[in-house]
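The listed protein sequences derive, respectively, from chains A and B.
Here this note's numbering is used: the first residue of the first sequence is 1, the next is one more, and so on.
Here this note's numbering is used: the first residue of the second sequence is 462, the next is one more, and so on.
Calculated directly from the structure, the hints in this document are not laboratory data.
Be aware that a few hints might be false.
Below, in silico cross-link-like pairs of lysine-lysine (DSSO-like), each with a Cα-Cα straight-line distance of 30 Å or less [as the list claims (entries may be wrong)]:
| hint | chain 1 | residue 1 | chain 2 | residue 2 |
| --- | --- | --- | --- | --- |
| 1 | A | Lys259 | B | Lys469 |
| 2 | A | Lys79 | B | Lys865 |
| 3 | A | Lys3 | B | Lys465 |
| 4 | B | Lys502 | B | Lys871 |
| 5 | A | Lys3 | B | Lys469 |
| 6 | A | Lys128 | B | Lys720 |
| 7 | A | Lys133 | B | Lys556 |
| 8 | B | Lys464 | A | Lys79 |
| 9 | B | Lys716 | B | Lys464 |
| 10 | A | Lys308 | A | Lys94 |
| 11 | B | Lys540 | A | Lys95 |
| 12 | B | Lys464 | A | Lys3 |
| 13 | B | Lys540 | A | Lys402 |
| 14 | B | Lys540 | B | Lys716 |
| 15 | A | Lys128 | B | Lys555 |
| 16 | B | Lys469 | A | Lys8 |
| 17 | B | Lys769 | A | Lys4 |
| 18 | B | Lys716 | A | Lys3 |
| 19 | A | Lys8 | A | Lys28 |
| 20 | A | Lys79 | B | Lys499 |
| 21 | B | Lys540 | A | Lys79 |
| 22 | A | Lys79 | B | Lys863 |
| 23 | A | Lys79 | A | Lys28 |
| 24 | B | Lys489 | B | Lys769 |
| 25 | A | Lys4 | B | Lys465 |
| 26 | A | Lys79 | B | Lys489 |
| 27 | B | Lys720 | B | Lys865 |
| 28 | B | Lys469 | A | Lys255 |
| 29 | A | Lys8 | A | Lys255 |
Just so you know, these numbers come straight off a predicted model, no measurement behind them.
Number of protein chains: 2
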Amino acid sequence: MSKKIPYKIYLSEEELPTHWYNLRADMKNKPAPLLDPKTHKVMGYEDLRPVFCDELIKQELDDTTPYFEIPREIRDFYKMYRPAPLVRAYELEKKLNTPAHIYYKFEGNNTSGSHKLNSAIAQAYYAKNQGLKGVTTETGAGQWGTALSMACAYLGLDCKVFMVKCSYEQKPFRREVMRTYGASVTPSPSMETAVGREINERFPGTTGSLGCAISEAVEVASNTEGYRYVLGSVLNQVMLHQSIIGLEAKAALDKYNVKPDIIIGCAGGGSNLGGLIAPFMGEKIKGNADYRFIAVEPASCPSLSRGKYVYDYCDTGMVCPLSKMYTLGSGFIPAASHAGGLRYHGMNSTLSQLRYDGLMEATTVKQTEVFASAVEFAKCEGILPAPESSHAIHVAVNEALKCKETGEEKVILFGLTGTGYFDMVSYQKFNDGIMKDYLPTDEDLERGFASLPDMAENEVK
Amino acid sequence: MSKKIPYKIYLSEEELPTHWYNLRADMKNKPAPLLDPKTHKVMGYEDLRPVFCDELIKQELDDTTPYFEIPREIRDFYKMYRPAPLVRAYELEKKLNTPAHIYYKFEGNNTSGSHKLNSAIAQAYYAKNQGLKGVTTETGAGQWGTALSMACAYLGLDCKVFMVKCSYEQKPFRREVMRTYGASVTPSPSMETAVGREINERFPGTTGSLGCAISEAVEVASNTEGYRYVLGSVLNQVMLHQSIIGLEAKAALDKYNVKPDIIIGCAGGGSNLGGLIAPFMGEKIKGNADYRFIAVEPASCPSLSRGKYVYDYCDTGMVCPLSKMYTLGSGFIPAASHAGGLRYHGMNSTLSQLRYDGLMEATTVKQTEVFASAVEFAKCEGILPAPESSHAIHVAVNEALKCKETGEEKVILFGLTGTGYFDMVSYQKFNDGIMKDYLPTDEDLERGFASLPDMAENEVK
């Protein structure tokens, strides 16, 4: 007899995972290595040290160790807001009148408002352990910057944040949360860095992009004694830390012998999606189970869906390592959409490889339909979701409605990465009926692709 | 041997309380009855029906039934965000280097951002059950309005909110959350009601008060077919619903055989404080246990600390029933402080009676010291607290520091009623060093007392 499934499945503190899971160790086709942006040579530990923290480089480069122990200090921090609940969306199921069973892993119950804190505390911990004074970073929607500010405040590290200008303007209170936690926040592109000044000159009035903010943060880290650069998404170390999302979700489902059929996550740089699917994908690769994985992208920034799988710069200023990934080109500047966290031109290299190998699907959705689903979700499930997370909600709802047509009792799991409390300017536009959809034209895409590096690895064979 | 206490104690869904606790049933001195504002006669069920929902009037008037069953529909709604965690503040203890054990009941993990949802869903449920079309209400900080909007959206009820103007201006995004949930929001005093127009004329440029917003909401409910007025605090029915806070907190502590020495809550209208202390106070009254209770008020609006214990109007427009309570007078207009939820001239009548009987202490704190404690708390415990809740934090910290001096291992429990995500204008003022403290002068108090009703019950014997 199956146990009645509660509204929220909470693991106990003792069930908090003790190790992160490194999906790459189980992949047959490993993601391609990082290359030097100038020489195009494979980058090793020593090459990355001027920019990144030592221990994090080890995690970044390791594609053979399946599990990394989570240090006790990080586990203690996790205990303040984890294990995060796995929620059975009974009310949403009722409203949709679907036979599908819908679950979401909710990562918004902490002040950063998202899953970003999982990697922020890890990165800040390793920086502190290395004896550094501070870290620099970029933030899009502001969730990563808030998370890093919180982690740095907790550990007593300095924190300098470059915030994508369009979010900086849309979300003044995000900036204030970061300041409250003691961080400095600069709108990007700024006039404080060489790369920021150059971008401001080339694109006057630009509202910025994650790629550009990354370049600025890297430049400051490289030029400042005792500082390193940390990143909230895209890198494989981030996916490693975020695996705690999937590990907890899987443990919670296993408790009730529930096996998801479809696993859905929004995809910006890939941190939440990668973390959520990691242990499930590991099972699939090993042939122990089968799952359908869906990456949901905004139609305005469709790297997995419309991008090329090539080596590209991770940032607009071309100072970061080259990564092989699905990309729209580092010169692609997405429209000022309301999901700041999904405005990245590329995608994590592991997820890109999985997509290339046909292990994961990708789809795009328009922001107006995303907000419509967000409001419906808020009204029945209570939680006001972040625009980013709402991309996953929208596709989950669509899949549940398909089940209604076919009568199938599928189990759908999606990642509810965060809350929308700092996105009320966007909700206001939606409520007032003045939100628009922006789809890149073929010319926009061509302009982006024209910025791809000209190198042997990228030639069509 | 005592069990190791986790960072967060979560009750399971099965442990969710099935009944609310009505503290009045166990009180030796019952709170005084409500009186008609014109005739000064005791108000009964029929007298209250034009304004309030039938079932809620029964709860309001009942001071003998100790437990009310929580309807299944409300329990189902509760399950989306309850049981709420009881948190052991290990990191705060470490930072303060205190031998005290600090616990807080955290009510902020829902989109309303506070405990207000506990009573909102109950009141909306009874309104719906009575076949009403909608409800009207007031909101101060915006938390109650948000909570009621959420509850009404869930049940399909219309919701009209009058929002204290000073909060309406400080918190534009609060308004937008309510709109997202389908509510209409009007700044108070407005020109849409007779009482609003009168107050605007008498006090041009006023930033409003809860008492004034209540009058407007009552007026609209009385004049609109199929509508009733609901209230987020002050009334005893609200305290009844909020008893779930204390019941859960006590159950969680009992699991680990922990007995608090001091229980601390911020006090505006009394809903959170009353809910938190209810089951503990019941024990104290029955002589089964002893606890120290501390009500924390803003120095700018010190009803329990500097008010008179007399009959007074619950609202500025003098249309609501008269309640015997500690009050500054319904004509008292508090300074535009940053804790909008604590700007009420009176206090729940049950809490007033408890205070009068010497069963509870009251103290006042200044907002600049409150925000300083809030920021310190945020940095070590992660959660960015609401200004209202931070009043309790500040006194809990002070009590913990006293323990450090004396070496006592006291157990301190406080109510962390909500999060400060919509209070960033206030945090910004604090961060910029331009926040000021406002203390009412003797003249301010005298002006408030002059508005007290002239009636036999209020004469000094």
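Each hint tested on the structure:
no.: 1; hint: A:Lys259 / B:Lys469; in the structure: 28 Å, holds
no.: 2; hint: A:Lys79 / B:Lys865; in the structure: 25 Å, holds
no.: 3; hint: A:Lys3 / B:Lys465; in the structure: 28 Å, holds
no.: 4; hint: B:Lys502 / B:Lys871; in the structure: 46 Å, violated
no.: 5; hint: A:Lys3 / B:Lys469; in the structure: 24 Å, holds
no.: 6; hint: A:Lys128 / B:Lys720; in the structure: 38 Å, violated
no.: 7; hint: A:Lys133 / B:Lys556; in the structure: 20 Å, holds
no.: 8; hint: B:Lys464 / A:Lys79; in the structure: 17 Å, holds
no.: 9; hint: B:Lys716 / B:Lys464; in the structure: 9 Å, holds
no.: 10; hint: A:Lys308 / A:Lys94; in the structure: 40 Å, violated
no.: 11; hint: B:Lys540 / A:Lys95; in the structure: 17 Å, holds
no.: 12; hint: B:Lys464 / A:Lys3; in the structure: 27 Å, holds
no.: 13; hint: B:Lys540 / A:Lys402; in the structure: 27 Å, holds
no.: 14; hint: B:Lys540 / B:Lys716; in the structure: 20 Å, holds
no.: 15; hint: A:Lys128 / B:Lys555; in the structure: 19 Å, holds
no.: 16; hint: B:Lys469 / A:Lys8; in the structure: 15 Å, holds
no.: 17; hint: B:Lys769 / A:Lys4; in the structure: 53 Å, violated
no.: 18; hint: B:Lys716 / A:Lys3; in the structure: 24 Å, holds
no.: 19; hint: A:Lys8 / A:Lys28; in the structure: 35 Å, violated
no.: 20; hint: A:Lys79 / B:Lys499; in the structure: 56 Å, violated
no.: 21; hint: B:Lys540 / A:Lys79; in the structure: 22 Å, holds
no.: 22; hint: A:Lys79 / B:Lys863; in the structure: 27 Å, holds
no.: 23; hint: A:Lys79 / A:Lys28; in the structure: 34 Å, violated
no.: 24; hint: B:Lys489 / B:Lys769; in the structure: 21 Å, holds
no.: 25; hint: A:Lys4 / B:Lys465; in the structure: 29 Å, holds
no.: 26; hint: A:Lys79 / B:Lys489; in the structure: 43 Å, violated
no.: 27; hint: B:Lys720 / B:Lys865; in the structure: 19 Å, holds
no.: 28; hint: B:Lys469 / A:Lys255; in the structure: 20 Å, holds
no.: 29; hint: A:Lys8 / A:Lys255; in the structure: 13 Å, holds
When each numbered hint is compared with the structure, violations occur for hints 4, 6, 10, 17, 19, 20, 23, 26.
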